[in-house]
Amino acid sequence: MFEFLQYMPDVFTPWNFMVLVLGTVGGLVLGATPGLSPTMAVALLIPFTFHMEPATGLILLGAAYTATVAGGAVSAILLSIPGAPANIATTLDGHPLAKSGKATAALHYCFLSSFVGGVLGVLVLIFFTPTLSRWALGFGPSHLFWVAILGVTVIGSLGSGSVIKGLFAGFVGLWISTIGYDPVLGVERFVVTDHLAGGINIIAALVGLFAIPQVLTMLAPDKVPGGVKKFAMESQGLLTSIRDTLLAWKALVIGSLVGIIVGLIPGAGGQIAGLVAYDQTKKLSRHPEKFGKGEPAGVVSAESANNAMVGPSLVPLLTLSVPGSPTAAVLLGGLLIHGLFPGPALFTEHAPIVWTFIDSLLVGQLLMCVFGLAISRYSRFVMDVPEFYMAAAITILAVFGTYSVQNSFSDVFVMMALGIGMYFASKLGFSPSPLVLGIILGPIAESNFVQGELIASVGEGVLPYFFGGALNIVLVAFCVGSIGYSIYGEYRLKEQNKVISDIPSGQDCAKEGVQP
Amino acid sequence: MNSSRMVGASGLVLAVLLISAGSNVEYGAKAYRFPNIIAYILAGFSVIMLVVEGKLFERYKGVSVENSGVVLGGEKWLDILRTSDFIRLAPMFFILFAYLYLADIVGLYVCSFVTFLSIVTLYAPEKLTVKLFLKYIFVTVIFTGIIYMVFSGGLQLQAPPAYLF
Numbered sequence: 001m002f003e004f005l006q007y008m009p010d011v012f013t014p015w016n017f018m019v020l021v022l023g024t025v026g027g028l029v030l031g032a033t034p035g036l037s038p039t040m041a042v043a044l045l046i047p048f049t050f051h052m053e054p055a056t057g058l059i060l061l062g063a064a065y066t067a068t069v070a071g072g073a074v075s076a077i078l079l080s081i082p083g084a085p086a087n088i089a090t091t092l093d094g095h096p097l098a099k100s101g102k103a104t105a106a107l108h109y110c111f112l113s114s115f116v117g118g119v120l121g122v123l124v125l126i127f128f129t130p131t132l133s134r135w136a137l138g139f140g141p142s143h144l145f146w147v148a149i150l151g152v153t154v155i156g157s158l159g160s161g162s163v164i165k166g167l168f169a170g171f172v173g174l175w176i177s178t179i180g181y182d183p184v185l186g187v188e189r190f191v192v193t194d195h196l197a198g199g200i201n202i203i204a205a206l207v208g209l210f211a212i213p214q215v216l217t218m219l220a221p222d223k224v225p226g227g228v229k230k231f232a233m234e235s236q237g238l239l240t241s242i243r244d245t246l247l248a249w250k251a252l253v254i255g256s257l258v259g260i261i262v263g264l265i266p267g268a269g270g271q272i273a274g275l276v277a278y279d280q281t282k283k284l285s286r287h288p289e290k291f292g293k294g295e296p297a298g299v300v301s302a303e304s305a306n307n308a309m310v311g312p313s314l315v316p317l318l319t320l321s322v323p324g325s326p327t328a329a330v331l332l333g334g335l336l337i338h339g340l341f342p343g344p345a346l347f348t349e350h351a352p353i354v355w356t357f358i359d360s361l362l363v364g365q366l367l368m369c370v371f372g373l374a375i376s377r378y379s380r381f382v383m384d385v386p387e388f389y390m391a392a393a394i395t396i397l398a399v400f401g402t403y404s405v406q407n408s409f410s411d412v413f414v415m416m417a418l419g420i421g422m423y424f425a426s427k428l429g430f431s432p433s434p435l436v437l438g439i440i441l442g443p444i445a446e447s448n449f450v451q452g453e454l455i456a457s458v459g460e461g462v463l464p465y466f467f468g469g470a471l472n473i474v475l476v477a478f479c480v481g482s483i484g485y486s487i488y489g490e491y492r493l494k495e496q497n498k499v500i501s502d503i504p505s506g507q508d509c510a511k512e513g514v515q516p
Numbered sequence: 001m002n003s004s005r006m007v008g009a010s011g012l013v014l015a016v017l018l019i020s021a022g023s024n025v026e027y028g029a030k031a032y033r034f035p036n037i038i039a040y041i042l043a044g045f046s047v048i049m050l051v052v053e054g055k056l057f058e059r060y061k062g063v064s065v066e067n068s069g070v071v072l073g074g075e076k077w078l079d080i081l082r083t084s085d086f087i088r089l090a091p092m093f094f095i096l097f098a099y100l101y102l103a104d105i106v107g108l109y110v111c112s113f114v115t116f117l118s119i120v121t122l123y124a125p126e127k128l129t130v131k132l133f134l135k136y137i138f139v140t141v142i143f144t145g146i147i148y149m150v151f152s153g154g155l156q157l158q159a160p161p162a163y164l165f
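Going line by line, the protein sequences match chains F and X.
The opening residue of the first sequence carries number 1 in my numbering; numbering runs sequentially from there.
The opening residue of the second sequence carries number 1 in my numbering; numbering runs sequentially from there.
Isolated chain X (complex conformation) (with noise of 0.2 angstroms):
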């Protein structure tokens, strides 16, 4: 199944989804209607996405897809992951996790200071030194810094409460 299928199939799928969400409910019903008439919209455009896009009636005219240029699904998803792209991302897919988790138990001005800390040293080109190190960490806490003025200091934002700061 080339790519575009997949999306219009996956378009198809949300859309029912949401139809089904959007359906099935106990009171209120009057109040999704708007959604769920955007959901059968959405529903159109997957069909058309799999008929235009997709070639979804070519494929049974005897015509092939194979050198239509688009790439297989299934190699898409496995590219996707195997390449380093998805492999770089994820230590920054985890700091965010666990940034959002720990931001309000731990601080956020702590967490922050960590986030920050932890993307330079990490996605830095330059070998890590202890040099270096240290330059991340004194960048880290200027712009902290400036993050604690401008906001707390200078717009009274109130940090969510935490163990620490």
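Next comes chain F alone, as it looks inside the complex (with noise of 0.2 angstroms):
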């Protein structure tokens, strides 16, 4: 049980520290520059990694992956352009609690609450591998469908705009996920133009559906034309910032929960945990009218929840070869390329390295805590940075970026029709977040729909095995209570702005010659 202690050491060598730092202050920038994903950073990372011991080459890729996501919340707080799915629901309070002039505090917030809950996330790795990775087996195919679609309809309460929009939008993601080849037949698909023939690509989404609308925005006419709109980047102590993390600790409790939890589901992904604890903290929260608002809560819960989940996301890849989220699988490639194959034997016949790997996630959290705080002081620069440079500058790294996951010309395409295509449905209420996330979710749905599919026809049926047994019972209740949650919340929300604009304004009061 303690045998990640015998390994620390190893964590402290020279080079295998200064690497440790040099990756996790690189995925702090890389995960702060819009246009850039862990994903992506992790991938871009792998090569390096060739001419380095394994050790040293998944320490590196360790930390980039738990800085990246953890820093792609500085571009969500400050610029509202998440650095990565998971910092989707940061962007909800982080970027209007910025807004108003608490910038400062809120990357403070992400931060803490990044490391409270990447250590909870880590430590559950180390001491739940063996039990949680036989929990996690259990989950069959209906259950990851539910899972997905859960994912999806969370959405539609977390949308600034309508319920019904929010849930359209997602679809249109799952139906846009299934351009190109059908994941078990083989089957192409709407692939209309030989741009589509590898379908939509997850990292080419993002970055379309995030960055350029946000690039356009920035260029468009209702903003100072080039000026720069600066946050006041407020003196805040960080003890202060501490005691704030502290008294949100119903966030913190649900972030780190519902993020270790996404995470070992292998194949869900990491990219709802954000957003469902998000979701659950403003369902219990005594002000969900707050949020959305600059609820620092809003802020504790996605971040505490997407590092909480990088630990656990984990645990599947090691123990199974079934990577927990879309970065993990990345990191399977850099562990097949050092000779490493995820299972059982891996922690007796690579123990010091695997154990040195996960005592490094833990080394990291702490690092990524101090360096963040410490490079969030100077983030400032990122907002000094006038619009116009920035809008130039996001076009040309989403650009790159993109090109670079797969090479790919046709990637770039992709992502400039859909972020453009954005831009205009952001203008009739419609938001990204819905869209992307459908489209991630998209494969995970199908694939888990088809397989249920073959299972319940050779056994109980289709409908009882999709909708029987407790745990299919649960998940869909958890969907249809989501979605009924949030209509009855809307409804509400109606009913008093009806109320609020039919009581007579002292203006109008005045005209007809009656006391108000």
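Warning: the hint list may mix true and false statements.
[To be verified] Derived lysine-lysine pairs resembling DSSO-like cross-links, with alpha carbons at most 30 angstroms apart:
1. F/Lys494 / F/Lys293
2. F/Lys283 / F/Lys427
3. F/Lys99 / X/Lys55
4. X/Lys55 / F/Lys283
5. X/Lys127 / F/Lys293
6. X/Lys55 / F/Lys427
7. F/Lys494 / X/Lys127
[As the list claims (entries may be wrong)] Derived DEER-like restraints, expressed as beta-carbon distance ranges:
8. F/Glu495 / X/Met149: 53 to 61 angstroms
9. F/Val474 / X/Met149: 45 to 53 angstroms
10. F/Thr240 / X/Gly145: 39 to 47 angstroms
11. F/Arg492 / X/Met149: 26 to 34 angstroms
12. F/Tyr378 / X/Thr129: 29 to 37 angstroms
13. X/Val139 / F/Pro14: 36 to 44 angstroms
14. F/Val191 / X/Ala162: 24 to 32 angstroms
Everything labelled a hint here was simulated from the structure, so no lab data went into it.
Note that beta-carbon positions come from the ideal geometry of N, C-alpha and C, so glycine has one too.
Join the two chains, each given in its own frame, into one complex according to the hints.
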């Protein structure tokens, strides 16, 4: 149980520690840069690890994974562009907090909650890997299908627009994900041009749907043309931020728990961790109406969840070769190129390497917090850059970042098409988050749907398979409940607004000659 | 027609198009089952949008939608075109299309340089002077250099083959 302590000193050898620090700082900078995602950062770093020892190479990849997830919150908070799918929920309250003059506080909440969630996640990885991997194994295709659908339905309750538009966008995303080759039968679908032959790349979708509309918005005239909209980077003491973060302990606990559970589910991915945690925190809050307007608990829950997800997402990867997230899938590639094949033998034949890697994740959380808090003080320089420079830089970075994933210009065309389309869709009240989540979760939903159908066709039947069983019922209930509760909340808000608008104002009364 | 109804109607048209795209297939019909299910669900959502947000049936109840606070759809589209939002962004769209079209013909880095310079030159608030333009060129060179060092130098990115660099 305490085998991990035996290999802790290996993390602090000069070379390994230097790589850990470089990976953390580099990851924070890459994550904070709009257009560069953790998956991309880890994928781009793999060639660099060719010439390193396996443990050192894995340390670099693990540090980059941890730090880019946290660093992505910087651009989410300051620029409203999430650095990764895991940071989508952070934009909902992080950016409004920054706009209200609490950018430093938002960044502090982000790194402190990321640290707490991340440490808890890695501790779970260390102590409960054997037990948790057995539990996660119990998720069948029907359960994974409903988890994917739950991710999409949750979006409907989080968008700033209407619930129905959020659901519509989410399901459009699910449909878009079917472009390309069918995952089971290998049939080509909706490939109207060669550029779509490879389907819709997730990174292209993410960059296109978030970065390009933001670029166009930066250049739009309703802002001071080219003028810098600076947030007041207030001076906030670290102790104050620690106190505020601890005061949001409920959000911290919910976020960490959700991140751990979601990270464990093989193939489900950590993308929904932040959103589910945010959704649950909002629903359990006494003041849900404050969410979306700069509520610190929103940032705390989202960031603790997406970092708590990191450790557990490696549980199915290290034990079953099933990645718990897209970035974990890339890490699998990193393991394989060093001749490390996941499975029970990994912890016996390569114990020093694996435990050193896991220990580095733990130390990496502390370094991420320290360097993150330090860098956040200088993150104002990101905002001091004039918007026209930022727009140009993001455009070029988006193109290079997208192209570098598969060395394919088709991805760049898709990215730009989605981005420009999203800009106009946002004018009609649609938000990109549901769409991108639909694209990400679509393959998971479809492959599990098809697998479930195949299993059910020789067994109990499709409907009993997908709707029977305690876990299925619970997941379906969450889906229906999430939609129903959100619709009820929207209806209640509309009624409240109607009541307020029906109350005559002082001006109206003056016109009528009536006392208000 | 108010904008919510236009959105709902457009959604319905989109769903119908998606259903028809997934229905008239020569082979592999089974592979289209999942996207067709999604398309049917989208059609359902569109109908809900039309009824709930577009207040489709309230017109027939004699309830006026003019005072519902919803902008008329046709005006909304004209507004989008008329406002300087779209006109201001038109050069950006042209730059983006040209960038994507020429990048793998002329050269990725050359086109990136020109694109960056074009965007900052066109959208900078200050009136363009020779001194400012030289400053923009300098910044563009630095930025492109950093991009080259990171991607081609550090990450060994293979730029698409083209006439120039």
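Could you tell me which of the hints above the structure violates, numbers in ascending order? Numbers 3, 5, 7 and 11 - these are the hints that the structure violates, sorted from lowest upward.
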